[in-house]
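Turn these sequences into a full structure, and let the hints steer you where they fit.
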Amino acid sequence: MKLKEKVQQDFIAAMKARDELRKGCLSMLKAAIMKWETDGEKREANDEVVLQIVQREVKARRDAAEGFKTGGKMDMAEKEEAEMKVLMEYMPAQMSEDEVRAVITETLGAAGITAKAEMGKAMGLVMGKLKGKADGGVINKVVGEILK
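Residue numbers for the sequence shown follow this note's numbering, so the first one is 1 and each next one is one higher.
Quick caveat, the hints were computed from the structure, so don't treat them as lab data.
There could be a bad hint or two in this list.
BS3-like, lysine-lysine: derived pairs with alpha carbons at most 30 Å apart [as the list claims (entries may be wrong)]:
(1) 2 with 30
(2) 59 with 30
(3) 35 with 129
(4) 148 with 129
(5) 85 with 59
(6) 69 with 133
(7) 35 with 6
(8) 23 with 133
(9) 85 with 30
(10) 85 with 69
(11) 2 with 59
(12) 35 with 16
(13) 30 with 16
(14) 23 with 2
(15) 2 with 131
In this text the structure is predicted, and so the values were computed from the model without any measurement.
Quick look at the structure:
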């Protein structure tokens, strides 16, 4: 089943279950998918595009939750985190930091990158391998630690 179809089915199930949090979150996700499909030329969102949209929405929720925590609005931060958990269901399983470290070490060793000055090149190589499988912040942190 396509990821877009799964979102639609889960949205309908949330409506029937009267789960307002899931319904609202999936409604916003469906709107983001539809916006992508209708921007410019008319096109169909495949699983890769839907995954990118989900990643963008998860990042937006994470950033908003951090902002709310900084501002002392814990109830709003909890709502954003709950929505983020709903969206994470559509992401592939995320790698642990140790798994990320192993992939980065192998990739940088094979490319011969050892200097902090090559951080941009290193991130480009690593993100190509780990995109969607690990959080970008974790990847950036680990690459920074390895390229001291």
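ask   = For this structure, which hints from the list above don't hold up?
value = When the structure is compared with the hints, none of them turns out to be violated.
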